[in-house]
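S.K.: Sequence:
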Amino acid sequence: MKLLNNMTIKNLKLNKKRTLVTIIGIVLSVALMTAVASLFMSFRETLISYEINLKGNYHYEFANVPASDLKYFEKNRMIEDNSIVKNIGYAKLDNIKNKYKPYLYVKAYNDTALKNLAVNLTEGRVPQNSNEIVIPTHLETNGRVKYNVGDKITLNVGTRENDGTSLDQYNPYDPEDTDTNEKLVNVKTREYTIVGIMQRPSRNIEPYSAPGYTVITYLDNFDTGYYDVYSLYTKKGLNNKYQVSAGIVGVSTETFRKYVEGTWDTEEEATKVIDEMHNVKYDLEVNSYLISLETGLFKESSTRSMGMVIGIVLIIIVVSSVFCIRNSFDISISERVRQYGMLRSVGATSKQIKHNVYYEAFILFLIGVPLGIMCGILASYILIIISNIFLGSMLTLNLVYKFSWLSILFASVLGFTTVMLSAHRSAKKSGKIIPIEALKNSAEVINKKRIRTPKIINKLFGIGGVISYKNIKRNRKKYRPTVIAIIVCVSVFIGLSAFLNIVFDSIDMEVKTMDYNLSLSYLKNSISKSKLDTILSSEDVIDYGFIDSMPAEISLDNVKLTKEYLDINNYYEGEDTKNVYASIFYVGEHAFKNYLKSLGLSNISDNAAIVVNIVKEYIQQGNKSIPTMVDVLDVKENTNLKLSVDNKEYNLEVAKVTDKLPFGISEKSCVLLVVSDNAASKIEYHNPNTRAMLKINSKNPKKLQDKIDEVLKDDDYDLYNYEENAKTMNSIFTLMAIFLYGFITVISLIGITSIFNTITTSMNLRKREFACLRSIGMTKHEFNRMVSLESIFYGVKALFIGIPIGILLSYLIYKTFNSGGSMYIAYSIPIKEILIASICVFILLFVIMKYSISKINEQNIIETIRKENI
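Each residue of the sequence shown is one higher than the one before, counting from 3 in this note's numbering.
Source of the hints: derived by calculation from the structure; they are not laboratory data.
Using N, Cα and C, we set each Cβ at its ideal position, and we do this for glycine too.
Keep in mind that a hint or two might mislead.
To be verified - Lysine-lysine pairs mimicking DSBU-like chemistry, simulated, CA-CA at most 30 Å apart: (1) Lys472 x Lys562; (2) Lys19 x Lys769; (3) Lys531 x Lys565; (4) Lys243 x Lys19.
To be verified - Distance windows between CB atoms, simulated: (5) Glu270 x Thr143: 30 to 40 Å; (6) Thr167 x Lys684: 43 to 53 Å; (7) Thr182 x Asp636: 33 to 43 Å; (8) Leu837 x Glu860: 47 to 57 Å; (9) Tyr743 x Gln354: 17 to 27 Å; (10) Asp711 x Val415: 32 to 42 Å; (11) Ser604 x Asp535: 36 to 46 Å; (12) Asp661 x Leu837: 53 to 63 Å.
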């Protein structure tokens, strides 16, 4: 065996080129596996980091713990850290603008809590004594009260009560409730120095409905009162979390498990479990998402979904890698058939020969896998950096790189499996070698009928073309790996490129369907006219409209529905068609005048309306809904429409019927009646919407957004920049494109190594054939032309198969992407991608063939003919 192993190593050294190409294939395959596994672990670590940053680094919260019990938490060996919090009380601020949130809520944190409970500072530092506080940013942005670091603030802090019942952050404040007797009791005056400003606390600390803005001071006294303890378990404690937590609250482990998991067999058992948990020593809250992330790779739905995608990707990598790397071992066996025949003739067993092939695979594994792991780690690290550059300013989290020995072990095992599966067929084949046939080198000789060459081949390409065509026909098996590798690369490139084109087209279409790029929402009458005029007089404003609406029903007494609309909705005339839903829109004086002008109208009366009569309906075709535009009403100008709004009857005259929408309106789900603001004011309607909507089309939305923020800095408003959102989506999908094209590139590189190996080795094995052709008079030009034609023939064959598969794949992706969608995207054949793929294929084949020909031209014809093999 030692002799055979030495021969294997010597053979690898003698065939350096093939060995190097095989190692490159293994390196690329393992690098891709390592990168995918590392990205998954990094994704999980990112979720953990995000959750800790959002809610805090704790597993269980135990509320209302008396001071005398704190020592039990400190002494518990299953707990790593305890964040201790004391709720000091509420203080009312008279100048807060948010009437539903009139309080400050003072909480005291110990050092561990300040570190672990997501106190994310934007300015200043954390408090260091009980006379210092940190305030939240939304005290200014939501409450419209501004304090600076260094300011002193005097608070009358007490407990909220209503008829003797204590209230906390989970009891909202309702200023319109006249029956409440809410007041502050046990009030004490305290003076604090503001030393820092923090981001808004998470919802588990301050719910959105909470009546108080959370401010944090330092906890330096644990003598009396009740505390909230946020416990971070050790790894062992987390593995036994039910037992540890049950022991703390004073119930059985089984009761605690059933309560947390919600698993019980009967209603009686459920009642018993819930009753027991209601009588525990402390109130309990579980940070279940963080626990799920830290206790299992696939327990949480997000990581489970990601794991499924990773699994599919890894299957693709393994299958494509096995197919490509296997070809290298097949070539190795075909080159060494005679050598194996000699070994078998002198006593080597079939088992030893097979072992020899696996030993070769193992040597290549030992070289390729460590290099692949290093490349994979580097690639995943670079991808994380690129992702953060693209998305850093757009996402609320930063992607975290996680170095994981588990991912390295996983990639090593998968790489070993891939290499051994690649060598399996060759090992099996080598074990069946018959010594006499191997020594005669006749195992590859196949008796076959005469191959007929199409006349057009001879006419177009001459004798070189005929030889090339016959050679490909005779050696289909040898060229099949090359053809299939090209097919896979071409079809995947066309399909995934088409997917990215559809994504980017949909973003462009979404932006183009809107004639505005800024949307400003605010409480009606809360912003002065002078401020709005300042905004709208900016040179960056192209157009604007104040958009509002009310629902209505149009009576069908004197108008009818169109036959097309009736057919689509499965109506027949007279059935359930007494009324049809509509929306009355009014868009402000400026936008309304522009709208009338675009329709060729100068003015309309206050009892008239423009009817936008076209709506989007969906026609069911099998399992799919196809969007189509249809007219709803069979109506003409000057027709009188009878309306019902809030159960009151009104009449509007049809001034114009159109399919054109006014500025700022994009919906086409029902009939729209566009009226002037004066006409709308005459319709009595109790509008539950208390907010006004101003939509603006700006030539520089980012600049105008900054101006609006400056003008309205003391007001309550929401501003949305659609163009920025489109840029964000573009960045996200650009990042997706980087990942997809990176994946395609690596798979293609694995395929290219296979193609290179196949072609160069095939050319090498045919040196004697080529030498014979040149010895009987074939010129160098004819020879080069013949070899080039071979690459053209199987390149064309691969494209003839790969392009239709790619088109089919792109169409399936398109149908999946667009099925049931609200935006119709027309399918088009990805011509550009097909051309790029075709050009790349021929360039690749030309370069490889040119390299092989140059090596063959360097050899001596006579010496080559004298040799039986390489």
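S.K.: A separate judgement is required for each hint: does it hold in the structure or not?
M.R.: Hint-by-hint comparison with the structure:
Under the criterion of a C-alpha separation no larger than 30 Å, the hint pairing Lys472 with Lys562 is inconsistent with the structure, at around 74 Å. A C-alpha spacing of about 17 Å is found between Lys19 and Lys769, which places the hinted pair at or below 30 Å, so the restraint holds. Distance restraint check for Lys531 and Lys565: the Cα-Cα separation of roughly 47 Å exceeds the 30 Å cut-off, and the hinted pair is therefore not satisfied. Of the pairs offered as hints, the one joining Lys243 and Lys19 is violated, with about 57 Å between alpha carbons and a cut-off of 30 Å exceeded.
For Glu270 and Thr143, the Cβ-Cβ distance of about 51 Å falls outside the hinted range of 30 to 40 Å, so the restraint is violated. Roughly 49 Å separates the CB atoms of Thr167 and Lys684, a value that falls within the hinted 43 to 53 Å. At roughly 56 Å, the beta carbons of Thr182 and Asp636 sit outside the given window of 33 to 43 Å. The beta-carbon spacing between Leu837 and Glu860, approximately 35 Å, falls outside the hinted interval of 47 to 57 Å.
A hinted range of 17 to 27 Å for the beta carbons of Tyr743 and Gln354 is inconsistent with their spacing of about 46 Å. A beta carbon spacing of about 54 Å between Asp711 and Val415 contradicts the range 32 to 42 Å that was offered as a hint. At roughly 25 Å, the beta carbons of Ser604 and Asp535 sit outside the given window of 36 to 46 Å. Roughly 38 Å separates the CB atoms of Asp661 and Leu837, a value that falls outside the hinted 53 to 63 Å.
Comparing the model with each earlier hint shows violations of hints 1, 3, 4, 5, 7, 8, 9, 10, 11 and 12; every other hint is respected.
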